[in-house]
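Starting from the known structure of chain F, fit chains V, W and B onto it as the hints suggest.
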Amino acid sequence: MSKTLDKKHPNNSHQEEVNYITVDYTMKSWFITKDHKRIGMLYLATVLVFFFVGSVAAGFVRFELTSPTGQILESETFNRMFTAHGVVMIFFFLLIAIPAVLGNFFLPLMLGARDLAFPKLNLLSYYLYLGGGLFGVVALVSGGVDTGWTFYTPLSSMYSNSQVVLTITAAFITGFSSIATAVNFIVTIHKMRAPGLTWFRLPLFVWAHYATSIIILLGTPVVAITLALVAVERLFHIGVFSPEYGGDPVLFQHMFWFYSHPAVYIMILPAMGVVSEIIACFARNRVFGYEFIAASSLAIGGLGFLVWGHHMFASGESYFQAAFFSLMTSLVAIPSAIKVFNWAATLYKGMIYLTTPMAYAIGFLGLFVIGGLTGLYCSNLGVDVHLTGTYFIVAHFHYVMVGGTIMALLAGIHFWWPKMTGRMYPEIWGKIGMLVIFSGFHMTFMPQFILGFLGMPRRYHYYHFAPEFQAYNVFSTAGAGVLAIGFMIPVVYLLLSLKHGAKAPANPWNAKGLEWEKTDRVPITHNFREIPVVTEEAYNYSIDDEPPIEAKYTKFGAVMEEKS
Amino acid sequence: MSNNHSEGHSHVIPIPVYFRTYLQLLVLMFLTVAVAVLAESNPSLREMSYLNNFVAMAIATTKAMLVVWIFMGVKYSSNLTKFYAFFGFVWFSMMFLVYLDYAFRKDEINTGWSHVPANALPRAKGIPGS
Amino acid sequence: MALEATHGNQMNPQKVYEQFEDIDQQNESYLVGMWSFLITEIMFFGVLIFCYTLYRWQYQPSFYAMSKLLDMKMGTINTIILLTSSFTMVLAVHYAQIQRRAAQLYALLFTILCAFGFLIVKYFEYSHKFHVNLFPNPTFVWPALDNPALTASVPEPVAKMFFSLYFAMTGLHGIHVVVGILLLGALSYLVWKKSTLVEDFMVTEMIGLYWHFVDLVWIFLFPLFYLMPK
Amino acid sequence: MKELKFSPTQATEYATRHDVLFYALTALVVLFTVLVGVAVLYLMIKYRASNKNVDRTKRIHHHLGIEIAWTVIPTILALIIFFWGLLLFKEVKTPDKDSSDIYVIGKQWMWQFQHPNGIRENNELHVPVGRPVKITMISQDVIHSLYIPQFRVQFYTLPGRYTSMHFTPNVVGKFNIFCSMHCGADHSKMGGYIHVLSPSDYTKWLENGGNRFSKNSESMIKSGLKTFAKNGCSNCHGGADTYRAPSLHGLIGRKRKMNDGRVVIADEAYIRESILTPYNNVVEGYEQIMPVYDLSEGEVLELVEYIKSLSRAPSMFEENEKVYKNTRNHVKNISNSGEINLEMRVDSGVSQSSVQQVQHVSEQN
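Which chain is which? The protein sequence lines are F, V, W and B, in order.
Position 376 (the first sequence) corresponds to 376 in our numbering; numbering is contiguous.
Position 31 (the second sequence) corresponds to 1031 in our numbering; numbering is contiguous.
Position 75 (the third sequence) corresponds to 2075 in our numbering; numbering is contiguous.
Position 142 (the fourth sequence) corresponds to 3142 in our numbering; numbering is contiguous.
Don't take every hint at face value.
To give an idea of the chain V side of the interface with chain W (calculated C-beta under 10 Å), a few residues [claimed, not checked]: (1) Ile-1013; (2) Phe-1019; (3) Leu-1026; (4) Met-1029; (5) Val-1035; (6) Met-1048; (7) Asn-1053; (8) Met-1057; (9) Met-1072; (10) Phe-1089; (11) Phe-1104.
Some chain W residues close to chain V (C-beta under 8 Å, calculated; not the full set) [claimed, not checked]: (12) Glu-2028; (13) Leu-2031; (14) Met-2074; (15) Thr-2076; (16) Phe-2087; (17) Gln-2097; (18) Gln-2099; (19) Tyr-2126; (20) Val-2178; (21) Leu-2182; (22) Leu-2183.
Ranges between beta-carbon positions, derived for each pair [to be verified]: (23) Ser-3007/B / Ala-45/F: 56 to 62 Å; (24) Ala-45/F / Tyr-2017/W: 50 to 56 Å; (25) Ile-3068/B / Leu-235/F: 23 to 29 Å; (26) Phe-1104/V / Gly-196/F: 29 to 35 Å; (27) Thr-3075/B / Ser-542/F: 33 to 39 Å; (28) Leu-235/F / Trp-1069/V: 36 to 42 Å; (29) Gly-3037/B / Ala-45/F: 46 to 52 Å; (30) Leu-1031/V / Tyr-2017/W: 44 to 50 Å; (31) Ile-3076/B / His-500/F: 50 to 56 Å; (32) Ser-542/F / Lys-3005/B: 52 to 58 Å.
Rather than coming from a laboratory, the hints here were simulated on the basis of the structure.
For clarity, every value in this text was computed on a predicted model and none was experimentally measured.
Beta carbons are placed, not taken as given, at the ideal position from N, Cα and C, and that holds for glycine.
Chain F on its own, in the form it takes in the complex (with noise of 0.2 Å):
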């Protein structure tokens, strides 16, 4: 079971071996794939490209910011630019990112299935995800949208001049995206694990993802039922929101983050699940407290949908109710604080070995907890009241989502890059990389507590009246900066890894797993050759394994042979 099969019959690389990329080369063959890998390299390159244009939103935002009185934009831009930030970032970014890409590639192969339970509804999965986006793009260029991503009502329902409707209704088709991917992965993990492969035998990649689809379930139809009710509103005026229909603006908050707040999960748990693969991979340990971590991705997911009210704290919603989502908000960060214990004690009496997914995924760490923490203040009523609507906030969602998502996804690329392209990466720059978005991410983030706490609202542009955040916006804008020059670095020598990287074995870390051990270089259409059977628990890893490939052999131009 340790022998891959390529350690026996060492590639020869200049002979074409057939796989899921190679099988076909016409664009036709990678536009109508059902192949849920293809699938997911596609997803791969869309988000990215979305990646870039919400980046570039943000980057308008904070050079905005440095001067108290704006820089170049008029105050309609810079709404309309960090709105475009804000939904781009969330409905076709993160939401997306690591369910739809890793989780899309490696699910099925994680499980030992031929392909995901429905092929085709995951490619029109994909096509209502690029539907949506481009419905989103067009919103964009036909002049954007000012409402925030949050859609209040009755600014979005009644008196914003902007694209609400057709904003509203790419949403509403990504969301349709997203809850076909959460069906078939359900099914997936239910009815086609392979042979022997138990519920505590899964990967905790997996768990994530299940507890990821049903909160897509369960919230997704919510939130896009809740929005198309305000474009209705705008079209027909057909209200359930607006005070003139007798109807309360706040029913919408409520509506609004019944799914939004789960979907904060819907973002960080993925990411749970590919941290947990790699600090095990890398500490050549089996996962401290297994149940644990899958049950609080559970937990999570079910909790998740009783601390909405925290929102609204100084919405004039009741007392009671407050009260109590501030108390289910404090009790969800306990599953959290639960799986980043359990990572670091699977470190203990590891063997571990700092390659650059595990890099990423310590970084994760590092921002993860401070993000999580800082929840804290937001989840209590009494500081939160002083706290929400400032830039604490936008402070303490960025380390979850871009400190916890961004850095797992990543982690999760770099990890499965291997499986993925068939190529290796410079680990020397992929090192770089990680700490100079570590870094930047810290410059740009930590300001902006202080900034919080001293009482800039969010979503200002002017702030001539209070010169004293200036120094603090300056040197956030800067770390935008570092951060951008970080994100390119994996870009450029990913890209470039393509066509100069080492060609990678089967197994470059020697880790466990189906995706690793019972797949070829880069598996074939259908995955396996034969169905695997599972006869051992997830993660059996040993001191005694094989180290993974050493850095010398990942540089450019590298023969990976000369390590067997």
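Just chains V, W and B now, kept in the frame of chain F:
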């Protein structure tokens, strides 16, 4: 690869079972209409509005259960399908936590909009003596 | 009948797709997949039903008065129509399982007929509401129907709210009925053409589940809107 | 550049108490971050693969005791923090009995403050130091949020509903007012200053009629009384309960039983609702005969202030009766000549066009 001796799938339910369910549904529907009409016409019953509400929703729920259980075949499906069939209904009830807000907003009563279109409402000017 | 019940699947033409191991796994996957999709539909309508209960709780007397503007007879007729269509739908599934294509086709066509019947009744209801201008648009007329008692007891914003919810909920349900007609129409066409695509009864079963769900929603909408007690 | 500030001024006692919790939380966050950070770094270094000299035998992968420990301890800490926050929240939601009222209308993109004595200010608010202030707020268009960082308080102003907040400034100075809820194009311009004045300065300011902003000719109570008389409220709501309507004297804080069985405590929101949507609250024993009045938020606030004044002291009631009698004649004279247009009246056609951005007549002020 098709196997024709499988146990777990394609329960062919005899038509009388369906027909009986259909009749039950119709009876329940007429019952709920009858209750509503009766409650409307009878002033003494009209006072018991909560009871009427309860009856209407109980009948609706029973009808829904019949449809889910027999017509949608959940009765004959695996436990997994049963779980997913009822999970949604259970989770939907989570939304009613919002009542925690509205039921306890003592000092902050939700009211209408002050800018009610003037032409649509009886004007205060018509009051004699002002 | 008992014979059919035991031997119905003997000439099973179900095809197993390559990602599945066997037909049981495939069928179960479809069922779980469809039900998890229906969960999203439940939450979808759930939001509207929840908003409705909340506002009805807040404006109970007005909502009661407004519900008298709806036609209970039409609502009842529509309920009967949908229940009947649900029944013919299960017949279609039944005949699909035992491979009686002609019977299946007739059952499907009758179901479509019912769906159109539902829409026609709905059309009369809607057009009446539009005619007396009860659609909450900027030209919404209140008081409507020359009913001074109603006007005195129900303020315009609440009247608008009631009809907003009425049109939003029945409208969304109507859209589902239209989608159902499209699905059933495509299915009937394929059955009529003896297409191999629909030899597998699961296709009919899935569309059936969807159609029953549409019925299910109406089962709740009917008492909520038409049979409102004071 | 000014020197770096790390925390905003504490301008109320509540702010001090708030900051204690804030810093306690910060200590907790730092403690756990350092704990996890040090543990991870220590383990990373100690168990690095190149270090062959550590004991890696007897690995453990499950330990129920440890799991329970690190579940229970954070839970307890979270609960402590929660209850601490709950106490603060109770404080920030419960105004002092003897606080003076200030009314706020939020609109795109300005704050209108209204003192009971009739002084109106836009985007600036003058309050005396050391006296509790209760702010009753409403929005005229979208959701805003009145935020004063130095007082550590903010609450939404919602369209169609009163919210309130309160504070007792104890530092003389000038502090920022922000709108912390995104409210459209000029969201960031929707700010201003709150001037906390010493008692002597405040008196001076009052005497000057609120320096550069025009003082209304009459107090809010008087304006409210005028509105009251103009709309004929007094025809039914007199000094005592009549068969047509209950009296409004001593209304505030009293329990009212509705004819549908609800018991409601009469407060500002109740009064507002009863004026604008009388059909929602019909007191037990009365018929729904009160019509719906079309009033601006400003007028409603004045009415609320007037009706509240009816409950303050019996002597005030008599005084008001006197004033009322005088003004009724006065109002009658005016209303014969034409309709009174109060300053803060809002265009009532607003709600008819909801797609386009509605232009309010805010420039009046």
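Which of the listed hints are not met by the structure? Hints 11, 14, 18, 19, 20, 21, 22, 23, 24, 25, 26 and 29 not satisfied by this model.
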